[in-house]
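Given two chains presented individually in distinct reference frames, assemble the corresponding complex, making use of the accompanying hints.
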Amino acid sequence: MTEGAGGAAAATPIAEGSATLGDPTGLHARPAVKLTKQAKGFEAEVQVRAGEAGTWVNAKSPNAVMKLKAGHGERLFFRADGADAEAAVAALVALVERDFAG
Amino acid sequence: MARTTEGAAETVFAGQRAAEGLAVGRLLVERAAAAEVARAAASPAEEGRAFEQALERARGQIAALVETADALGAEILEFQEALLEDDELLDPVRAAIDAGQSAAAAWIGHLDGEIETYRAGDDEYLSARAEDLADLQQRVLRALVAAGEAAGGETQPEGAILVSADLTPSRFLELDWSRLAGAAIAGGSPTSHVSILARARGVPLIVGLEADPALLPAGRLAVLDAEAARLIVEPSSATLDAVETRLARRAEESSVIAELIGRPARTAAGETVELLINVDEPGLLDSLSPESCDGIGLARTEFLFHGGRLPDEEAQRAVYRRLLDWAGGRPVTIRTLDAGGDKPIPGVTPEDEANPFLGVRGLRLSLRHPELLRVQLRALARAGADRPLKVMVPMVTAPAEFERARALFDAVLRELADEGLEHGRPPLGMMVEVPAAALTAERFACDFYSIGSNDLVQYTTACARDNPALAELADPASPAVVELIARTVAAAGRRGVEASLCGDMASDPRLVPVLLECGLRRLSVAPAQVGRVKLAIRRYGGAPE
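Sequence order for the protein chains is A and B.
With this note's numbering applied, the first sequence covers 1 to 102.
With this note's numbering applied, the second sequence covers 1 to 545.
Chain B on its own, in the form it takes in the complex (with noise of 0.2 angstroms):
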């Protein structure tokens, strides 16, 4: 058949890759609410209304989401549920109303004011919730305009690509990403909370697009490659055609993939591969089978801290009890608070620090508070009584650190002994991310290595993680990182302790051969990528194709 001319030639944005995907679909495009707050304000009482029925729609969705988060997650959203019935803020919006102001217009006017008040001064804690009130903002303005789209409120067409100036995680979290095939947003960045969020659910996200997404086609149809970082807007019958071609060899792979997903990880060569998953947060594991993988490799436990908070150790140990209930007796590595760089924790960490990622993070931080690590380190000694748990300690350079942890972990569990307390003897492994300790690693005496990749590659390669001009440069797969990677399994063997990586390096079934060939066979992956991981190990060793 021949080719057809298309009227418009296609239009190419490039972007950051977020999470994996490749899709074709229609634009969705979510418009920031600008319209909604320039339009001409309706009589007073109709504007009333609809700012009580915005306010309402609103508490409705924070109400089901509360459902759905788990413990923590709740109590982030409570704050916003007690702000919809705070009058004391609401009352002046129904006052700029009752004055002619419309609905949209009176509540972000108020809001702006507020969220201003918030970040003022130095509190660095209330600056980091005036990013609820943004959130709030944003979501009682998005139930003005669906309100006033149609009776039918928001239509998500099937299988679109929604693009938008930013996502918050919560409006993350209440889309159907059954319905959408994925989503390309101006803001955030490859590490930012929403880019994790659509990485563990397999959701296709580019971010740092570099477009006005309000200028683009509504309703056209585009290619969301979010393996080259790309939104193609009205693409060529050419590249439509070899998107067809690279959406078949995927489907493909799904169906073999689907067909190794409950069975071990092994190479072409029928070696074993230990591949275990890692976990931001424990609310992902009720849509994941323990079958699909050998445990969890790295469960995160920032998520525990989020906005300041300081769970007591009763709290604590529900949370990884949680974990290793999942697990159902495969093996379990939690990894104690990792603060600090890009991670701040209100209260906690250093303000004022010219380069936090060279500053007091991980367990540097730790060590310098002490009762903070030894309420965790009690919480986990706990929990792991009678199950197959292991705790790792972040950021570690000298071995003189990793001494201090392990004295502090000794005598939490002579406390818990002398307390009659139930308890285990969690092996205590270090994380390897500084070039430092991967080059000494044989002089720690820990119980385990677990490489992080994503910082060992910044440190090695001098490169800011968040910053994209260096993305090039800061390639996990240059010579100087495997050499490091190589040094610490090797040194592991000598020692004869386990070794095994964690970071987004072993997340990618391109770099997963370079991770065999170091000589790792225990690799901890995103949730969503244990299927490609284990194609990508089943090839190693095999016939080239």
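So that you can see chain A by itself, here it is in the shape it has in the complex (with noise of 0.2 angstroms):
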């Protein structure tokens, strides 16, 4: 529904990045109750994906980050659209690449 989120709200920034799961599982429950943890601590609107080819899902709905399938080895995009925008990217690319350790 959000899906192309953008031009009226030109003026806040907005932030991408990503990072490849080392889990050898994937993204499985708990990692993917971290992930949506880590993403409620920012204001922004924040987006996630598997694969480039992948559907932008919100990456604070638990339901919908598991239901996005990643095994190990995917890569996974953040977007974020918001005051703390390159925080909260930034926050998720590293719990990704420390395989949500701590």
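Don't take each hint at face value.
[Claimed, not checked] When the alpha-carbon atoms are kept at most 25 angstroms apart in a straight line, the in silico PhoX-like pairs for lysine-lysine are as follows:
hint, chain 1, residue 1, chain 2, residue 2
1, A, LYS69, B, LYS343
2, A, LYS40, A, LYS69
3, B, LYS343, A, LYS67
[To be verified] Just so you have them, the derived chain B footprint on chain A, three or more residues with Cβ under 8 angstroms:
hint, region
4, 33-45
5, 60-66
[What the hints assert, rightly or not] Sample of chain B residues at the chain A side, in silico, Cβ under 8 angstroms:
hint, residue
6, LEU83
7, LEU89
8, ASP123
9, TYR125
10, LEU126
11, ARG129
12, GLY347
13, GLU351
14, ASN355
15, LEU358
Don't read these hints as lab results, they were simulated from the structure.
Computed from a prediction, not measured in an experiment: that's the story for all the values here.
Even for Gly, the Cβ is constructed at its ideal location relative to N, Cα and C.
Now the structure itself:
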């Protein structure tokens, strides 16, 4: 529904980033929950997709993130729109890069 | 006193025994909340309020469960907890309520669609998560039903027998079993997770009940005979008399057992038998005293990998350490991952095997994923520093397989020494579950043998464990099975190493004499069965009653 957001909100910062899933079982429940909790800590609207051809989904929804079915070695793309967009993307990329540790 | 003839004849429903026990009580029928779903909607405002309250109630229940669950159980619940905060999941339900549906119908309808999506496709991991969604679906629905029933909320009449279509593990854990006599459910199998929970906690349970629980007369008297796997509804006075007699004998036994529980297990002739316990998940240990047994004879590690988790070395070490701490110097035998068969782990166990029980499982699987086994062996060796830990590998068929496990273990021990990490050198044993291994036990250079009777029975009799139609043929006391056990014990004796038995057979007091006759003097049993097995040992070799 938020696909293609932008346009009118051109004044707010938009950030993008990506990282590869190192976990051998892929994005399973525990990492998915961690990812959404992390994303919820930011004001910005944050979206995620699995692979370049994937569909963008709300990174704050554990159900949506789970349904990405992102597997091991897959690249996760993030994009955020809002005041703290840069920080949000940086935090999520870092989370994936450290294999969801901590 | 003359016997009165009752108005209605008793009705007997057969099922399968999941956890032993005998009780008389009133039927507490947990109706599938179908009625709630079918109910006409009140105003959208009222339905919306009911929905939000049910969500709140479910959140509270999960939070309480997280409190009592161990760290690993809590992780499973966390996903459900997160879903209850997921507006993207909940908003379509709220919209449907606004459009005039009842809260229950809107919730069930939307979640059904989501569960379908999870199950669709070939992603095994996501399909497994569908169970979490279904569990959550039922939990919120129950919260809606309970709110609709009365202000008093859920009532559990003292000593009632719960009957329901199915029982999820999380529902089992939240019921107050000190107030319920036991349960009979239409779903499930004796090997399902809820059956294991019931056995470990001593809750009488019949599964696969051949009845529609929703049609049973709530509040009427019934006999839950989990010894004979029968539910007798509105029993005749003759039946009740017979049950009373059996209950009296069991009570007598219980008082003898209470005296035996803190003392070593000895036969009538005074011979000591080591009696250890099986541990499926460490949370169970909180309610158990190590004084009641001689240690842990089988600690399973599958729970660590539940739902596809792959715990790291530190996480595993902490869990193994906890088991050893609990045992307080008593021996603890931990089995490496026994995945495959009926215990798949998404992403690890092979998919599409025509016959998983004869497939890549147990040690066969571990040797194909040496990185998993390596991490586990490292964590075990480190946890076993200055502790009486033993390690065993499951599903061994040929000596060469055991040799490969041994080589991997040796390599791990060298690695730990090179890294200067504190560790022990636990004895490495093998499970004897495959007839080939039992027949040639002496050829294996293992440090001890542990007989896994469940699989040994299945493979010897060629009867699938989960097929009720073959229950009679899958007899653990069949001469073929007994012969294989006796051979294994004899081989261990010749090699001068220990042999024990850790399958369900040891937990059945009726089979204990057979095992002692085979020469076994070390048994590992379900925690709830320690007392009864001690009593059976005490009677062995004594005067017949």
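A quick look at each hint next to the structure:
1. A C-alpha spacing of about 22 angstroms is found between LYS69 (chain A) and LYS343 (chain B), which places the hinted pair at or below 25 angstroms, so the restraint holds.
2. Restraint check: the Cα-Cα separation between LYS40 (chain A) and LYS69 (chain A) comes to about 20 angstroms, which is no more than 25 angstroms; the hinted pair holds.
3. As the CA atoms of LYS343 (chain B) and LYS67 (chain A) are separated by approximately 23 angstroms, the hinted pair is consistent with the 25 angstroms bound.
4. Coverage of the region 33-45 of chain A by chain B holds. Counting CB-CB distances below 8 angstroms, 3 residues qualify, and the rule asks for three or more.
5. By the rule of at least three residues with a Cβ nearer than 8 angstroms to a Cβ of chain B, the coverage given for the region 60-66 of chain A holds, with 6 such residues.
6. Among the interface hints, the one on LEU83 (chain B) holds; its C-beta lies about 6 angstroms from the nearest C-beta in chain A, closer than the 8 angstroms criterion.
7. At its closest, the beta carbon of LEU89 (chain B) sits 4 angstroms from a beta carbon of chain A; the interface hint therefore holds under the 8 angstroms criterion.
8. This hint holds: ASP123 (chain B) has a C-beta 5 angstroms from the nearest C-beta of chain A, less than the 8 angstroms allowed.
9. Interface hint at TYR125 (chain B): satisfied, since its Cβ lies 6 angstroms from the closest Cβ of chain A, which is below the 8 angstroms cut-off.
10. Checking LEU126 (chain B) against chain A by beta carbon gives a least distance of about 6 angstroms; that is within 8 angstroms, so the hint holds.
11. The closest approach between the C-beta of ARG129 (chain B) and any C-beta of chain A is roughly 6 angstroms, which is under the 8 angstroms cut-off, so the hint is satisfied.
12. The interface hint given for GLY347 (chain B) is met, as the beta carbon of that residue sits about 4 angstroms from the closest beta carbon of chain A, less than 8 angstroms.
13. Using the Cβ-Cβ criterion of 8 angstroms, the hint placing GLU351 (chain B) at the interface with chain A is not satisfied: the shortest such distance is roughly 14 angstroms.
14. At its closest, the beta carbon of ASN355 (chain B) sits 25 angstroms from a beta carbon of chain A; the interface hint therefore is violated under the 8 angstroms criterion.
15. Restraint check, LEU358 (chain B) versus chain A: the minimum CB separation of about 25 angstroms is more than 8 angstroms; hint violated.
When held up to the earlier numbered hints, the structure conflicts with 13, 14 and 15 and fits the remainder.
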